[in-house]
Every structure is written in C-alpha cells, then in structure tokens.
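There are 2 protein chains.
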Amino acid sequence: MFYLDKIHFLKHGYFIIKILNLQRFYKYIAKYTMNAELLTIGNEILIGQITNTNAVWMAQQLNMIGVSVVHMSSVADERAAILKAFEDARQRADIVLITGGLGPTKDDITKTTFCEYFKTELVIDENVLKDVTGFFSKRNKEVTEINRKQAEVPKGCLVIRNKNGTAPGMWMEKDNTIFVSMPGVPYEMQGIMTDDVIPEIKKRFKLPFIYHKTILTQGIGESSLAELISDWEDGLAEKEIGLAYLPSPGMVRLRLSSKGFNESELFHKIETEVDKVRPLIERYIYGYEEYGKDQPKIEEILGELLLKKGLKLGLAESCTGGYISHLITSVPGSSAYYNGCIVPYHNEFKHDLLKVDNSVFENNGAVSKECVMAMAKETLKAFKADVAIAVSGIAGPGGGTSEKPVGTTWIAVAYEDRIVPKQFVFGDNRLRNIQMTANAAMNMLRKLILKIED
Amino acid sequence: MFYLDKIHFLKHGYFIIKILNLQRFYKYIAKYTMNAELLTIGNEILIGQITNTNAVWMAQQLNMIGVSVVHMSSVADERAAILKAFEDARQRADIVLITGGLGPTKDDITKTTFCEYFKTELVIDENVLKDVTGFFSKRNKEVTEINRKQAEVPKGCLVIRNKNGTAPGMWMEKDNTIFVSMPGVPYEMQGIMTDDVIPEIKKRFKLPFIYHKTILTQGIGESSLAELISDWEDGLAEKEIGLAYLPSPGMVRLRLSSKGFNESELFHKIETEVDKVRPLIERYIYGYEEYGKDQPKIEEILGELLLKKGLKLGLAESCTGGYISHLITSVPGSSAYYNGCIVPYHNEFKHDLLKVDNSVFENNGAVSKECVMAMAKETLKAFKADVAIAVSGIAGPGGGTSEKPVGTTWIAVAYEDRIVPKQFVFGDNRLRNIQMTANAAMNMLRKLILKIED
Numbered sequence: 000m001f002y003l004d005k006i007h008f009l010k011h012g013y014f015i016i017k018i019l020n021l022q023r024f025y026k027y028i029a030k031y032t033m034n035a036e037l038l039t040i041g042n043e044i045l046i047g048q049i050t051n052t053n054a055v056w057m058a059q060q061l062n063m064i065g066v067s068v069v070h071m072s073s074v075a076d077e078r079a080a081i082l083k084a085f086e087d088a089r090q091r092a093d094i095v096l097i098t099g100g101l102g103p104t105k106d107d108i109t110k111t112t113f114c115e116y117f118k119t120e121l122v123i124d125e126n127v128l129k130d131v132t133g134f135f136s137k138r139n140k141e142v143t144e145i146n147r148k149q150a151e152v153p154k155g156c157l158v159i160r161n162k163n164g165t166a167p168g169m170w171m172e173k174d175n176t177i178f179v180s181m182p183g184v185p186y187e188m189q190g191i192m193t194d195d196v197i198p199e200i201k202k203r204f205k206l207p208f209i210y211h212k213t214i215l216t217q218g219i220g221e222s223s224l225a226e227l228i229s230d231w232e233d234g235l236a237e238k239e240i241g242l243a244y245l246p247s248p249g250m251v252r253l254r255l256s257s258k259g260f261n262e263s264e265l266f267h268k269i270e271t272e273v274d275k276v277r278p279l280i281e282r283y284i285y286g287y288e289e290y291g292k293d294q295p296k297i298e299e300i301l302g303e304l305l306l307k308k309g310l311k312l313g314l315a316e317s318c319t320g321g322y323i324s325h326l327i328t329s330v331p332g333s334s335a336y337y338n339g340c341i342v343p344y345h346n347e348f349k350h351d352l353l354k355v356d357n358s359v360f361e362n363n364g365a366v367s368k369e370c371v372m373a374m375a376k377e378t379l380k381a382f383k384a385d386v387a388i389a390v391s392g393i394a395g396p397g398g399g400t401s402e403k404p405v406g407t408t409w410i411a412v413a414y415e416d417r418i419v420p421k422q423f424v425f426g427d428n429r430l431r432n433i434q435m436t437a438n439a440a441m442n443m444l445r446k447l448i449l450k451i452e453d
Numbered sequence: 000m001f002y003l004d005k006i007h008f009l010k011h012g013y014f015i016i017k018i019l020n021l022q023r024f025y026k027y028i029a030k031y032t033m034n035a036e037l038l039t040i041g042n043e044i045l046i047g048q049i050t051n052t053n054a055v056w057m058a059q060q061l062n063m064i065g066v067s068v069v070h071m072s073s074v075a076d077e078r079a080a081i082l083k084a085f086e087d088a089r090q091r092a093d094i095v096l097i098t099g100g101l102g103p104t105k106d107d108i109t110k111t112t113f114c115e116y117f118k119t120e121l122v123i124d125e126n127v128l129k130d131v132t133g134f135f136s137k138r139n140k141e142v143t144e145i146n147r148k149q150a151e152v153p154k155g156c157l158v159i160r161n162k163n164g165t166a167p168g169m170w171m172e173k174d175n176t177i178f179v180s181m182p183g184v185p186y187e188m189q190g191i192m193t194d195d196v197i198p199e200i201k202k203r204f205k206l207p208f209i210y211h212k213t214i215l216t217q218g219i220g221e222s223s224l225a226e227l228i229s230d231w232e233d234g235l236a237e238k239e240i241g242l243a244y245l246p247s248p249g250m251v252r253l254r255l256s257s258k259g260f261n262e263s264e265l266f267h268k269i270e271t272e273v274d275k276v277r278p279l280i281e282r283y284i285y286g287y288e289e290y291g292k293d294q295p296k297i298e299e300i301l302g303e304l305l306l307k308k309g310l311k312l313g314l315a316e317s318c319t320g321g322y323i324s325h326l327i328t329s330v331p332g333s334s335a336y337y338n339g340c341i342v343p344y345h346n347e348f349k350h351d352l353l354k355v356d357n358s359v360f361e362n363n364g365a366v367s368k369e370c371v372m373a374m375a376k377e378t379l380k381a382f383k384a385d386v387a388i389a390v391s392g393i394a395g396p397g398g399g400t401s402e403k404p405v406g407t408t409w410i411a412v413a414y415e416d417r418i419v420p421k422q423f424v425f426g427d428n429r430l431r432n433i434q435m436t437a438n439a440a441m442n443m444l445r446k447l448i449l450k451i452e453d
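If you're matching them up, the sequences are chains G and H in order. Counted from 1, the first sequence has number 370 at position 371 by numbering that gives the first Met the number 0; the numbering is strictly sequential. Counted from 1, the second sequence has number 419 at position 420 by numbering that gives the first Met the number 0; the numbering is strictly sequential.
Keep in mind the hints are simulated off the structure, nothing from the lab. You may find that some hints are simply not true.
What the hints assert, rightly or not - With the Cβ distance kept under 8 Å, some of the chain H side facing chain G (calculated, not the full set):
(1) Q48
(2) V69
(3) P103
(4) N146
(5) G320
(6) H325
(7) F348
(8) H350
(9) N363
(10) M372
(11) L379
(12) F382
(13) P420
(14) V424
Note that this is a predicted model, so its numbers are computed, not measured. Cβ atoms here follow ideal geometry from the backbone N, Cα and C, with glycine treated the same way.
With these hints in hand, go ahead and build the complete structure from the sequences.
What follows is the structure, encoded as structure tokens:
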C-alpha cells in the first residue's frame with residue numbers, strides 16, 4: 000500500500016508529490032513533510048576523533064521551520080563513498096545539507112567530488128576571492144596559494160559567502176533535490192545556515208508547523224516516570240502526538256511533539272496534554288522547553304529566578320571542582336546575580352578560606368553534613384551573598400571507603416535563615432558524579448527559594 | 000575496474016572476499032579492511048535534542064582494533080526507516096552496531112523491528128529477567144510490568160547481558176553480516192562493547208593493525224600550519240600515510256595514520272615522519288596522542304608535568320568562571336597537584352579575596368596586565384602554591400568597549416620568581432572565548448615551567 004509522502008511546492012502553483020509505503024501512525028504527518036538529510040564528510044568523524052555537533056545544531060534549526068530530518072550520515076573523505084552518499088541522499092530527501100571537507104588542506108576532496116557528481120568544473124569566483132583576500136588582510140596575513148584555492152567553486156552553483164571564514168557555501172540542484180555544501184567549522188556553517196540557507200528554504204517551500212514542548216524533570220528515573228504517566232501516555236498516539244523520553248545525568252526530559260498547518264490548533268492540543276500530565280509528576284518538574292526557544296538548562300532557570308528575586312549567589316565547590324561555577328557563568332549576563340566561587344580542593348583551604356573548623360574533619364570528615372553546612376555559611380559571608388551552594392563528595396575513581404563509597408556527596412543550600420543539607424550516593428564515574436551533583440545542587444537551591452518541599 | 004574490498008576470515012581457514020570500485024589511494028588499505036557501520040536509532044537524534052556521542056566512542060574503540068568504520072547513520076524510531084537502514088548497512092558492512100530504541104518506554108521499537116528483519120519473535124530470556132529483577136531489588140525498587148518487558152529478546156539471538164542497566168545487548172547474523180543491538184545510554188553501551196562485543200570481534204576476525212599518531216598544537220591556525228608543512232605533506236600519499244587537520248578552539252591536531260599487518264613497520268614509518276615534521280612546527284606542539292591511548296588533553300599534559308615536578312597549582316579565574324578549575328579537576332588524581340581556585344566575579348571580590356588594589360580598577364581596569372599579575376601573586380599565597388594562573392577578560396556578549404572589545408583577555412602565569420602576563424583578543428562567542436582562554440592559559444603555564452619562550 001502506498002501513502003503520500005512528500006509535496007514540493009514549486010513556483011506558479013505547481014507541486015510535485017512523492018509516495019512511499021509508510022507506517023499507519025506517520026500517514027497524516029508524512030503528508031506535510033519536507034525531508035532533509037544531513038551528510039557529514041570527514042575521516043575525523045569516522046575514526047572518532049571529533050563529535051558531530053554540526054548535525055545536532057542543524058537538526059534543531061530545520062525542525063524549528065518545519066523541515067523533518069529523516070536521515071543523518073557520515074562518510075569518509077573518499078570519492079566513491081561521497082558519490083554514493085550523494086545519490087542515496089537524493090533519493091531520500093528534498094534537501095541535502097553537506098558539511099565538511101572544504102578546508103584548504105589536501106585531505107579535503109568534497110569540492111572536486113561535488114563537481115564530479117554535478118558534471119561540472121571548478122572556477123574562481125571573484126567575489127569569494129575578494130572575501131578571502133579581505134579575511135587575511137584584516138588579520139595582517141598574506142594570502143597564500145592554498146588560501147586562493149578557497150575561491151574555487153563548481154561552475155553553475157549558487158555561491159553563499161562565508162562571513163566567518165574562507166570556504167564559501169555552495170547550493171546546487173539535481174532532479175528536484177537541493178544540495179548545499181558548507182564548511183565543517185561549526186560557527187562558519189552556522190553563519191551560512193542562519194543568514195542564507197534557512198531564509199532561502201523558507202522562501203521556496205510551504206512548510207508545516209511543528210510544535211514541541213519538553214517537560215524537564217530532575218530526581219526520577221526513566222522507568223519510574225513511565226509508570227507514573229502510563230495511562231496518560233496511552234492516549235497520545237490517537238491524537239497524533241509523539242512522546243519521547245530523553246535521559247541525561249540525573250535528569251529526564253519528556254518531549255511532546257505534533258505537526259500540522261494550523262499553528263493555534265497544534266499549540267492548544269499539546270498544551271492541553273501538558274496540563275493533564277503536570278499534576279502526575281509536578282514535584283519532579285523544574286522547567287519546560289518552549290517552542291522556538293533553546294532548551295533551558297537548569298543553570299538558566301536558576302539564573303532567571305535569582306535575577307527576578309534580586310538574589311546574589313555564592314558557591315563553594317570541593318568535589319565538583321568549579322563545574323557549577325562554570326555552568327552558572329556560561330549563561331550570558333550571569334554577573335548580575337553571581338558573585339563568585341571558592342574551590343578549596345584540600346581540607347587546609349576549606350579551613351583557611353571557608354573557616355571550616357578542624358574538628359569537623361576529625362569528627363565527621365570533609366564529606367559530611369557538618370562540613371558542607373559550615374562551607375555554605377561562610378560562602379554567604381565571603382561573597383556577601385543571599386543564597387549559597389556548598390558541595391563536598393567523593394567523585395572517584397579513588398578515595399572511597401566502605402562507609403563512604405565513591406559517589407557519596409553532601410550538598411548544602413542556603414537561603415534566608417535556612418541551610419538545608421542533603422546526602423546523595425551517585426555512581427562510580429567521575430564525570431557523571433560531577434554532573435549529577437551540579438544538577439542536583441542547582442535544583443535544590445531552586446526548590447529552597449521557591450519553598451518546594453522534597 | 001574492480002578492487003578487492005573486504006575479506007571475511009571465517010573458521011577453518013575459509014574466507015569471503017567482496018569487491019568494489021575504489022580510488023587508487025585506498026586500494027592497498029582496502030585489502031585488509033573489515034568494515035563496520037554505526038546505526039543510531041532515535042527521533043531525539045534527528046530533531047537535534049541530543050548529540051550522538053555514542054558514535055564517536057564506538058568509532059574510537061573499533062579503530063583501535065583495526066576495524067574501519069565506513070559509514071554512520073541515524074534514523075527515526077520508525078519501522079520502515081529502520082528496516083531500510085538495516086538492509087543498506089548489511090550491503091555495506093561486515094558488522095553493524097546499532098544503538099538506541101531499547102528503552103522500556105513506548106516510543107522504542109528497535110526490538111520488534113529487529114525481530115521483523117530477522118523473521119523471528121520476542122521471547123523472555125530467563126537470565127535477563129534475573130538481571131532485571133536483581134537490578135531493581137538492589138535499588139529497593141519493585142519490578143514493574145514495563146521493566147519485565149526488558150527481558151524479552153528475539154528468539155535465536157545471542158544475548159549479551161547488561162551489567163549497568165536493564166536492556167540487554169543482542170547479537171544476530173544475516174548473510175555474513177553481524178548485527179549487534181545495544182541500548183543508547185552511553186555507559187550501558189560502553190560496558191557491553193568493552194566486555195563482550197570487542198573481545199568477540201577480535202576472536203572471530205583476523206584484523207589489520209592501524210597506527211595513528213596525532214601531534215597536538217596550540218596557537219597557530221589551520222592554514223598557516225598547512226603552509227609550514229606543505230612540502231613534507233606532499234610526500235605522505237605515496238607512503239600510504241593519511242594526514243588530517245583537526246581544529247578546535249585555539250588548537251589544531253595533526254593526525255597521521257596508516258594501516259597494515261606489520262606492526263613494527265607501521266610504527267617505524269609513522270614515527271619517521273613525525274621526526275621529520277617536528278622541527279618545522281616545534282614551538283606550537285604541546286603534546287602527542289600515542290596509539291592505543293586516549294588523546295591527551297592539555298589539562299592532562301599540564302597535570303602530569305605538575306606531578307612530575309612536584310608543583311602545586313592555584314587558580315584565580317574571572318572571565319573563565321571556574322572552567323579551568325573544572326578541566327583541571329576532571330582529571331582523576333588531580334588533588335595530588337591542585338590546591339584550589341577563587342572565582343572573584345566582581346571587582347569587590349578581586350579586592351577582598353585576592354587583594355587587588357582598588358587603584359588598579361581605577362587606573363587600568365579589571366581586564367588589565369596589572370590586575371591579572373596582582374591576582375596571580377595573591378593566588379600563590381592563598382593556596383600556598385608553587386604555580387598559578389590568573390585570568391580576566393570580557394567573554395561577551397556584553398561588556399565590550401572600543402578600547403577593549405569582547406574577547407579581550409589578560410592571562411598571567413606564575414612560577415618561581417616570574418609572573419608572565421599576556422594579552423589575547425579572541426572572538427565574540429562567549430563559550431569559545433572561555434575555552435580558548437582556558438587552553439591558552441594552561442599552555443602558557445606549561446611553557447613557563449618548561450622554560451619554552453614564545
């Protein structure tokens with residue numbers, strides 16, 4: 000059985016449809032779909048030397064404008080593999096976004112292979128040559144022969160100038176599929192996508208609206224969460240709402256999504272379901288990801304709360320070693336509510352800088368309620384702060400005992416006249432323990448400020 | 000024209016070969032290749048909600064044992080797309096490693112689709128059921144109906160038990176291609192790969208040896224580096240050595256690689272080339288990635304140096320907000336050489352905690368040579384340290400002036416009787432500026448200790 004799969008809306012009211020055999024649930028959604036494929040070219044991806052962060056960014060951007068990413072691939076800097084990937088992608092997608100292999104160095108062959116696929120040749124583009132020359136003269140550097148090659152583009156392509164680097168973007172079409180080749184350097188690719196590719200896609204195609212809303216939870220596992228909302232979840236499929244569980248250290252995000260052409264109807268449908276599920280899991284929810292916005296991180300949610308309440312934050316981090324401070328300060332504008340941090344990585348400095356009494360180390364140890372409470376108290380003073388977080392734990396892999404195994408962590412949060420301590424026992428992975436401690440600590444402070452009891 | 004592409008070494012001396020049309024350069028290498036494909040299943044990847052970190056880790060592990068990853072794909076939690084991906088992968092690869100879609104929740108359909116592809120059905124595996132029950136009872140939790148479903152596996156598959164979670168791995172074969180399905184949770188997948196999948200691959204196949212060596216550089220751009228080593232690079236192809244440039248904020252890694260069955264010959268070939276290129280770029284090199292080891296991060300290289308010299312480190316971070324401290328403490332055992340950090344996020348605390356004279360703020364500003372030098376000096380005292388790093392800058396996006404634009408950063412490093420300041424002007428991306436500052440600062444300290452002049 001065949002279903003309608005793709006509609007290309009062309010100029011002057013013409014359109015093209017493609018059909019495909021698809022699962023029942025996707026029938027309705029698929030009708031409105033413009034499909035994109037992301038193709039990454041580079042040995043460095045296949046041997047695992049770098050993580051493909053371009054794909055995640057591009058997928059977010061495309062999703063936001065109603066383009067579905069149906070496939071992502073990574074292939075080597077190798078002619079035959081690239082040609083096959085181009086041809087496979089052409090059959091699957093309406094638009095193929097290609098990154099990588101455009102560097103000035105000799106291992107990069109995307110451009111010549113692009114020419115071969117489109118049966119054309121490389122020619123110098125005078126505008127790009129001007130950009131390349133300008134790029135280097137601005138940095139007081141000579142334009143070399145290698146750099147000059149950056150101005151070569153396939154004859155007949157639409158050249159997209161690169162404001163952040165030297166390799167231009169290139170837009171070509173074949174059998175109603177668009178191919179866009181972009182540099183692999185993330186901020187260069189992002190500039191080209193934002194300024195040119197996304198606006199051009201929006202101009203050319205009539206796109207559906209995709210509405211997502213993600214519920215952010217902390218302190219409950221995936222399967223326990225699933226149990227709590229099982230009955231509610233059963234009713235989603237027939238409303239053509241998708242639900243996904245997205246776990247990360249100490250947290251699970253629940254994403255609801257649906258697609259269509261009536262924006263307000265979609266909005267209403269999803270928000271109704273969010274209202275239904277909220278009471279079932281309220282105590283675990285620390286925030287929501289709204290449509291069209293980046294997913295809010297807990298440091299952003301906490302930051303907004305501090306800003307709104309006019310509270311100043313101070314930190315004392317032992318086992319997390321400055322990670323909470325890094326997260327807090329990764330938010331632009333955090334200096335408005337953040338005063339600073341002390342990382343006392345030995346008892347001596349917990350004593351010198353945070354006035355923890357030496358008897359605490361002798362009687363309770365540095366990983367104890369007494370220690371983090373003393374740290375939090377002095378942090379308020381040292382940073383003239385209204386709220387504070389103090390943590391001390393055994394991140395591992397060494398340092399555990401039978402009484403306090405690796406992963407044992409004490410967190411104290413302070414606000415008004417209260418200092419609230421809590422013990423956690425996380426796992427045995429150092430980085431995960433640091434992340435889970437940071438997330439738990441920021442959420443503890445958020446709850447204390449909002450007076451949400453555990 | 001056809002070339003030998005794949006050899007499957009089977010039991011009792013039999014083998015299978017496959018042929019493909021390939022580029023000249025890959026002819027020799029391809030002869031010894033066992034090809035792997037990595038397939039990720041999950042809508043969360045395609046809509047850009049999570050980054051595919053599993054692929055990078057698996058690629059590293061496979062590379063290390065001489066298996067080439069020829070393709071990576073990500074598809075949706077959708078039956079038709081998964082079936083097509085299985086079939087495409089079978090044609091391309093000797094082994095297909097699948098992650099994702101095995102969760103206990105309703106959006107995960109990998110297991111039923113796996114059954115459909117292999118024309119089999121789900122049955123309860125008693126050992127897995129025991130594992131699942133044990134997993135929950137250890138955590139004092141009830142086993143729910145949803146959890147029990149985790150013990151269902153395709154009839155006839157080789158079950159790989161999951162020590163870190165509840166979804167088991169599943170190993171199936173079809174037409175001489177191996178399919179292994181694993182959970183998408185990184186540390187669960189990693190446990191299954193390390194304990195079972197990798198040893199099994201090594202047992203079944205005669206694998207070639209891949210030798211990589213990566214030269215780590217800091218403080219020079221990709222194209223300038225390419226110019227410096229252009230003549231040397233021209234000679235690599237005929238020696239069947241691949242070279243890749245891998246840029247990251249403020250750094251470029253140069254990776255040399257070659258493949259074959261004679262380990263010592265490969266080792267000699269690559270090391271000879273490293274010796275040839277070293278004198279051309281010596282002042283930019285901060286380390287090397289050796290074969291079979293993780294790529295050393297600059298915080299690890301600095302940490303080893305501090306440990307060897309018996310030096311204790313203290314930090315004062317303003318614009319980097321604790322990021323350097325986080326990197327230093329992300330290294331297990333860092334407490335042996337790290338004493339701690341102060342993050343004074345306002346002038347007031349630079350004065351209170353690090354004794355920066357108020358006249359410095361008035362006359363020079365907080366982003367100045369005078370400020371970071373004073374911070375470094377007091378950091379040595381506060382943390383009874385032998386070496387110190389102090390940074391102050393404008394990370395952005397706000398806070399820039401025409402005189403000191405966003406990206407302006409002062410770094411001071413202290414060792415013995417010297418405090419060495421240096422100014423940088425990075426770009427306008429907050430996180431990149433933080434990363435570039437951290438990398439530059441750690442390398443400055445490394446060079447000061449080793450008495451390498453800029």
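>> Given G320(H) as an interface hint, is its Cβ closer than 8 Å to any Cβ of chain G?
In response: The hint holds - G320(H) has a Cβ within 8 Å of chain G, the shortest such distance being about 3 Å.
>> Just to be careful: measuring from the Cβ of V424(H) to every Cβ in chain G, is the smallest value less than 8 Å?
In response: With a closest approach of 11 Å, the V424(H) hint is violated.
> Would the stated hint for V69(H) survive a check requiring a Cβ distance to chain G of less than 8 Å?
Replying inline: 7 Å, holds
> Does N363(H) meet its interface restraint, that is, does its C-beta lie within less than 8 Å of any C-beta in chain G?
Replying inline: Since chain G brings no Cβ nearer than about 19 Å to N363(H), farther than 8 Å, the hint is violated.
> Quick one, is the M372(H) hint okay against chain G at 8 Å, beta carbons?
Replying inline: 20 Å, violated
> Does P103(H) pass the interface check with chain G, least Cβ-Cβ distance below 8 Å?
Replying inline: Nearest chain G Cβ about 5 Å off; hint holds.
> Does the nearest C-beta of chain G fall within a distance shorter than 8 Å of the C-beta of P420(H)?
Replying inline: 22 Å, violated
> Are Q48(H) and chain G close enough, Cβ to Cβ, to be under 8 Å, as the hint says?
Replying inline: 6 Å, holds
> Can N146(H) be said to touch chain G, with a Cβ gap under 8 Å?
Replying inline: 6 Å, holds
>> Under 8 Å is the threshold here; is the Cβ of F382(H) close enough to any Cβ of chain G for the hint to stand?
In response: F382(H) check passes; min Cβ-Cβ to chain G is 6 Å, inside 8 Å.
> At a threshold of 8 Å, is the proposed contact between H350(H) and chain G supported by beta-carbon distances?
Replying inline: At about 12 Å, which exceeds the 8 Å cut-off, the nearest Cβ of chain G leaves the hint on H350(H) violated.
> With a cut-off of 8 Å, does the beta carbon of F348(H) approach a beta carbon of chain G closely enough for the hint to hold?
Replying inline: 5 Å, holds
Of the hints listed earlier, those the structure fails to meet are numbers 8, 9, 10, 11, 13, 14, in rising order.
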